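Protein chains in written order, with my numbering: chain A, 7 to 433; chain B, 7 to 433.
These aren't lab readings, by the way, just hints derived from the structure by calculation. Any given hint could be a false lead.
Straight line, CA to CA, 20 Å or less: simulated SDA-like cross-link-like pairs of lysine to any residue [as the list claims (entries may be wrong)]:
#1 B:LYS310 / B:SER353
#2 A:LYS105 / B:LYS105
#3 B:LYS105 / A:LEU349
#4 B:LYS114 / A:ASP403
#5 B:LYS310 / A:LEU349
If you're wondering where the values come from, they're calculated on a predicted model, not measured in any experiment.
There are 2 protein chains.
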Amino acid sequence: MNEPVFILKGNIIYSKSLTELAVCEHGYLVCRDGRTEGVYQTLPFKLGGNPIRDYGDCLIIPGLVDLHIHAPQYSFRGLGMDMELLEWLETNTFPEEAKYKNQEYAKKAYTIFSDNMRRSATTRACIFGTVHRAATLLLMDLMEKTGLITYVGKVNMDRNTPEYLREETQASAEETREWIKDVLHRKYKNTRPILTPRFTPSCTDELMEELKKLQMRYSLPLHSHLSENRSEVEWVKELCPWSEFYGDAYDRFGLFGSDCPTVMAHCVYSDDRETARMKENGVFIAHCPESNMNVSSGIAPVRKFLREELNVGLGSDVAAGSTENLFRAMAHAVQASKLRWRLTDESLAPLAVEEVFYMATKGGGRFFGQVGGFEPGYEFDALVLDDSRLSHPQALDVRSRLERMIYLADEREIQAKYVKGIEIDLS
Amino acid sequence: MNEPVFILKGNIIYSKSLTELAVCEHGYLVCRDGRTEGVYQTLPFKLGGNPIRDYGDCLIIPGLVDLHIHAPQYSFRGLGMDMELLEWLETNTFPEEAKYKNQEYAKKAYTIFSDNMRRSATTRACIFGTVHRAATLLLMDLMEKTGLITYVGKVNMDRNTPEYLREETQASAEETREWIKDVLHRKYKNTRPILTPRFTPSCTDELMEELKKLQMRYSLPLHSHLSENRSEVEWVKELCPWSEFYGDAYDRFGLFGSDCPTVMAHCVYSDDRETARMKENGVFIAHCPESNMNVSSGIAPVRKFLREELNVGLGSDVAAGSTENLFRAMAHAVQASKLRWRLTDESLAPLAVEEVFYMATKGGGRFFGQVGGFEPGYEFDALVLDDSRLSHPQALDVRSRLERMIYLADEREIQAKYVKGIEIDLS
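Work out the full structure, taking the sequences as your base and the hints as a guide.
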């Protein structure tokens, strides 16, 4: 299926806008040179003769985008959940991440991670590694082989970190520079480096300055955490008394989207000023609803972000989220928004299925370019879903079948997956 | 495996109490005549010679108990979620339930339901049918064949119901009486009738009186809804101005646990008086966290119920809940309790893994007698879980593996299932 032009046939469904789905039942989705050429109810005459893969009554949707996931935490997904963020980091996360100093362990764990990502509904992702350069390169090698298109980051941490993980400031910058050089040298097709300061509490001002230099030199995007938990927000105020709000502590160093694309996970406690700055700077928000439940962070005001037309995508945030399954993230996003509406603020209406589907496709996709839709010119990321495992006594319309997938699908439903026009091996 | 004595070998884990797990690694779980004889680290000499089924490194846990599920709604699980309770009933539920007047449709739909229940983690359940006598009997026939032990109810509704589903008061009572006679005549082994007035808004006082007569005559337990949604609670106040609180509207008719075992789903808005009355009457609460999210009801104060030592179990509440998978219900119960703590009331601590596991086993199991544990004398309901699908770079302890199941297991993990000592066909 690596012909320059090929065609998928099935029930095609994607987001026309935040609130509207485009549906083409038993239609044709045409890929040319890795991009969508068009969606057709009847195949145009000029396209005749190109190979057609007929997926029968399957659904065909854009690939899903995970804007925030931690590869080294995949090994403890679904474990150690009875804690809040800062305790959870100390107890579960840091000791596990320290193991990735050992390449053998890293290989074992990252092989499991990359295999499962390959078989998942995810086609694009922004991935946290650890502080370790070698392990992060290994992770990138493995992700490259999956065929998924990802941004992967070597993490930086030079304060408020257990001795066994803490980097010296200059060494952290130097290792990052070497890592970037290594990455450039490997000439990956699918895998790109992204600057990844863990979060303000773990990075000194000096380190932030160093990272800014690297960003300017190599034009790198950035991936970090923002306003996830109340104690964390308070802590940043103490650490950076000069900051107007948490995001400002990144922005002062030019690391908040003003120069390069930036994705910030969580934004549960982003106030009006922070929201305005994110809008101004085009920051992408990775909304991670399950994580925000599991480590008792709260519920992000996503409706507000959408109303103000910020860039919002979804993140699984494994392992504060228990699964890489982004269908689950969509359902959690709807559920969390309903609880927020009911319990906290009835002025922010719950999210609808259309909106979370948009966030999981086009919303996060935009971080990668023209990704997440089937309009002409979009990069050809597609998932073919066979929902026949979920028997139903009557026929369902395509929109209903998509909703049911959001609540109930897992990797068993994925019949085929394409990234930029290349079919992924799901075995 | 229907020998009077047989033995399962594996990593046995069950609730000793609400907060404590009993774990026996690579131990022996002995069944005699459908009941647990004991759990042993070393098999006692006197038990030698009995058949042993060795499940290797699998987990063996008690079967899970679903205190609240609607069989006719299974067909629209994961569909039509963007609504609140009362609108959702009118739009999705009532039109679907009306179809069960047609036995052919009922057979098709209930076959899917009963097959999936058979393959699920559930060993016992309290099940809503519809108002239709014939379809409810059909459902009971099908559930009987699964081998699961269930209470199934023909629903009663004689007001505030669309014409096409509403019963006349006397006819409703008469049909219920005939249904009970039919059930007694069929001499089911596993399937028992339970009175099922839908909820106070759908049942006149006169109908409640008739149901009480039937309860006294046939000694029947009762299954209904309570304090799920704010508008519903207000509505009951209008309909029963004489009631002190919602539950009192059942209690005045003697239908609130004073004479027969009673399970009430939801209790999101139960106030102190209602809670006290439930405790006094021994009412079982079916906590349905996913449903309470999906139809924007809110979050029940489960910590308060547990502190006051009420009977609390879990319900999937399909189709306001999207899945019969009770592992998911346990995870949702933890998640919802964290959000309630964070957003509403920090005096009620989040639920821990041990507590939701207790609720899903012993908590709900008690409604069925000595069910939900592996202490000597408990009815032998067991699930054998093979968690090898979830690869891990290192060995995990048994408690951690149980936690991971709560977040990530589905029917793929179920290697074997026993109900009252009989192995269930999972094919």
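So which of the earlier hints does this model not fit?
Result: hints 2 and 3 break, sorted rising.
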